[in-house]
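Colleague: Chains as they are written, first to last, in numbering that gives the first Met the number 0: chain A, 0 to 287; chain B, 0 to 544.
No lab work stands behind these hints, which were simulated from the structure alone. Check each hint, because a few of them may be wrong.
DEER-style ranges, computed between Cβ atoms [to be verified]:
| no. | chain 1 | residue 1 | chain 2 | residue 2 | range |
| --- | --- | --- | --- | --- | --- |
| 1 | A | 241 | B | 477 | 46 to 56 Å |
| 2 | B | 422 | A | 259 | 54 to 64 Å |
| 3 | A | 144 | B | 318 | 33 to 43 Å |
| 4 | A | 147 | B | 462 | 53 to 63 Å |
For every residue, glycine included, the Cβ atom is placed at its ideal position computed from N, Cα and C.
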Amino acid sequence: MNVENGIHDAHYFVPHPSRWPIVGSIGLFSLAMGAAFSMNGFVAGQWGLLFGALVIIWMLFGWFGDVVRESVAGSYGQQVDHSFRWGMSWFIFSEVMFFAAFFGALFYTRVLSVPEIGGTGFTNRLLWEGFSAHWPFATGPETTAYHTMEADGIPAINTMILLTSGATLTLAHWGLVAGNRTKLTLGLLATVLLGTLFLCFQAYEYHHAWTEMALTLNSGAYGATFYMLTGFHGMHVLVGTIMLTVMLVRVLRGHFSAEHHFGFEAAAWYWHFVDVVWLLLFVFVYVL
Amino acid sequence: MTTLAHEAHHAGHDGHHAPAGWRRWVFATNHKDIGTLYLWFSFAMFLTGGLMALGIRAELFKPGLQFWQPEFFNQLTTLHGVIMVFGAIMPAFTGLANWQLPLMLGAPDMAFARMNNWSFWLLPPAALLLLISFFVPGGAAAGGWTLYPPLSVKAGMGMDLAIFAIHLLGLSSIMGSINIVTTILNMRAPGMTLLKMPMFAWTTLITAYLLIAVAPVLAGAVTMLLTDRHFGTHFFSAAGGGDPVLFQHIFWFFGHPEVYIMALPAFGVVSQIIPTFSRKPLFGYVSMVYATCSIAVLSFMVWAHHMFMVGLPLDAQLIFMFITMLISVPTGVKVFNWVATMWQGSLTFETPMLFAIGFVCLFTVGGFSGLVLSIAPIDTQMHDGYYVVAHFHYVLVAGALFSLFGATYYWLPKWTGYMYHEGRGKFHFWWSMIFFNVTFFPMHFLGLAGMPRRIPDYALQFTDFNMIASIGAFCFGFGQLLFLYNVIHTIKGGVGKAPANPWEGAHTLEWEVPSPAPHHTWETPPDEALVRKGLRAQYLEGHDD
Ligand SMILES: [Cu+2]
Chain A
0 MNVENGIHDA
10 HYFVPHPSRW
20 PIVGSIGLFS
30 LAMGAAFSMN
40 GFVAGQWGLL
50 FGALVIIWML
60 FGWFGDVVRE
70 SVAGSYGQQV
80 DHSFRWGMSW
90 FIFSEVMFFA
100 AFFGALFYTR
110 VLSVPEIGGT
120 GFTNRLLWEG
130 FSAHWPFATG
140 PETTAYHTME
150 ADGIPAINTM
160 ILLTSGATLT
170 LAHWGLVAGN
180 RTKLTLGLLA
190 TVLLGTLFLC
200 FQAYEYHHAW
210 TEMALTLNSG
220 AYGATFYMLT
230 GFHGMHVLVG
240 TIMLTVMLVR
250 VLRGHFSAEH
260 HFGFEAAAWY
270 WHFVDVVWLL
280 LFVFVYVL
Chain B
0 MTTLAHEAHH
10 AGHDGHHAPA
20 GWRRWVFATN
30 HKDIGTLYLW
40 FSFAMFLTGG
50 LMALGIRAEL
60 FKPGLQFWQP
70 EFFNQLTTLH
80 GVIMVFGAIM
90 PAFTGLANWQ
100 LPLMLGAPDM
110 AFARMNNWSF
120 WLLPPAALLL
130 LISFFVPGGA
140 AAGGWTLYPP
150 LSVKAGMGMD
160 LAIFAIHLLG
170 LSSIMGSINI
180 VTTILNMRAP
190 GMTLLKMPMF
200 AWTTLITAYL
210 LIAVAPVLAG
220 AVTMLLTDRH
230 FGTHFFSAAG
240 GGDPVLFQHI
250 FWFFGHPEVY
260 IMALPAFGVV
270 SQIIPTFSRK
280 PLFGYVSMVY
290 ATCSIAVLSF
300 MVWAHHMFMV
310 GLPLDAQLIF
320 MFITMLISVP
330 TGVKVFNWVA
340 TMWQGSLTFE
350 TPMLFAIGFV
360 CLFTVGGFSG
370 LVLSIAPIDT
380 QMHDGYYVVA
390 HFHYVLVAGA
400 LFSLFGATYY
410 WLPKWTGYMY
420 HEGRGKFHFW
430 WSMIFFNVTF
440 FPMHFLGLAG
450 MPRRIPDYAL
460 QFTDFNMIAS
470 IGAFCFGFGQ
480 LLFLYNVIHT
490 IKGGVGKAPA
500 NPWEGAHTLE
510 WEVPSPAPHH
520 TWETPPDEAL
530 VRKGLRAQYL
540 EGHDD
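Model the full structure from these sequences, guided by the hints.
Modeller: Written out as structure tokens, the structure reads:
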């Protein structure tokens, strides 16, 4: 690409008026109201949550359906394709910063606040005399005893699963570029299955932690950072798996060509991003 | 491929060329319509937040409790802050970017026109959540716009609504910013390289980048607040090994860049207006670009200057103090460049220029008081006092808001096709200028004398300056109805039709399209020769080639 002069489609595609954004806004508003009310003891709020969720699902089908139809109709020229690339890159950057907030909380807690509370200094004497700081701590100053997570076992297996899924996804991409449909389909299918397997393992891990290790959201700063980081990561794996499943359906319908397949690439970028976040999680939440 | 795209484009447009009625606004994908929505919404929020400010100033007119219970007063200060920052200033700049970027860059629309609609239409629900929060049990959030725990963890349901409103606003900001960055990086006219685009595009680009970087961080912070409130986590509670100061760190990691998110686009606006009415190219264009970029980098490294009083180690205080002072260097470069642009120019003082000059003078005052506050030992005295209130209102009202007024008068002929009434515009400027200072200048003295902020009642010795400030606030506030009148008057015909370019010193691309700008502009990119003509007039390209 000639960056300095750019690429100009003869006519940059500008979509005509659409109802999906306002539908999405109504859905999110309903979700927010529903959540706020149900969290504060108004049971009726749950209807708001349900309604909002259904509206959002409807919106996602409608909106992405429009995008797929426009893409298949060939509305998107080269310049639009570049816009999508920039847009997805910046979106992933915003996701990086979202996780940065939680990693920041983890590092701050481990490096500053726990040692401060557990030290021999003034704070310790004032707040929790006798609390000795170490990480992960199995009894917090004011929390019931719980067990902490080990890195081997499920977390290690899940690391292998995600790393393998990154490889199978790359194989699928190579298949797409080379026009090898079998390689593409099988690689993508394997990735989706590995993602699902990861989620199953994580669900089992959560269940085990909650019921047998007494590790809950209530388990001090350790439990909080553990569930917040792995939980948001798990949600991202779920979204990534759904994206890749949609891509699989689109592959089977023959939507992609060797040159024109940004939808696939966007999902792949997202998947690799989720992969990298997991590696950081594995190191800083489980191993160290 | 291209033929197909061409046909699809036309098929898409024929049926929807002039969408009418409410559908035009609710389903809008046109950057001008969405820009208009943004601007009107932000003005409505400006009046809403302004009413809250007048509620605050009415209570503070004299000591004792006159009108409000302290709890409600706290709700007013909190919501005034949240609404002005997220509802008025930020959407106004996004609205400007929406209207102006495609026109100035020679693009047919924003890069993602449908997502653009969603960025806007997430704002009214967020505003609704905030306004509803006044009527739920416990009332609206009352811990100040910074939402510090433990207060915000203990607060009532209004806090949850505020948290969800912030989520929606953040989503809107991120999508709006991705749109802006992509439009600027990918949709400039042929021949307009990055270092030849208008300064407004540069500052908007950097602003959008900052917002993509920090809006998710704020979302993370309020999410942790939410789980601390309802799901038993201990992020911000020492009872479980967490720390309330952690919230302050995360919040201000967002909060300081946020200051530049509200200031940089103002710099851009002023950098368009001053050259136009000085009839000279912008002095030091490249240094302006680098100053903008270095502000963006430095703004991530100064957050703890808001936290000199939480017990940071001395070394940390010193580091944050020195880096904060360093920011005054690029800011000084900018002020120098604006003054140098005016130097020996053929100046005329139309309303936009008056607001721009007012901006330069008063923003500099706010910058200097910021420099004073950056000095940790002085901040120890000033912290959470009225000097701080004076400081940031100089930056945000005389800074951001004045630039928005200037921008509106500057581009109103392009938007409406009519000229505004110059005399009434100037009157609006002088009225705002005088009563802004009547309102906020005495607050420096109040702060120096030790008056704390966010209190509904105060000691007797603060009465005189508070009375002056309250009178100023009411005059300033009601004076803004004049702005509303001026805008509506212009829309209805003003003092006559505006030519395509009403300003003889303006050379950017938006002045090449008719006034009012047609619904669709630059559907095919502007001719390279036309682009280069404008660039030469701005001295962005050599005169000899
Ligand atoms: Cu700051």
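Colleague: Taking the Cβ atom of residue 241 of chain A and the Cβ atom of residue 477 of chain B, is their distance within the range 46 to 56 Å?
Modeller: Check passed, 53 Å falls within 46 to 56 Å.
Colleague: Take a look at whether the Cβ-Cβ distance between residue 147 of chain A and residue 462 of chain B falls inside 53 to 63 Å.
Modeller: holds, 59 Å
Colleague: Quick one: are residue 422 of chain B and residue 259 of chain A within 54 to 64 Å, going by C-beta?
Modeller: With a Cβ separation near 58 Å, residue 422 of chain B and residue 259 of chain A satisfy 54 to 64 Å, so the hint holds.
Colleague: Taking the CB of residue 144 of chain A and the CB of residue 318 of chain B, does the distance hold inside 33 to 43 Å?
Modeller: About 40 Å separates the Cβ atoms of residue 144 of chain A and residue 318 of chain B, which means 33 to 43 Å holds.
Hint check: no violations occur; every hint is consistent with the structure.
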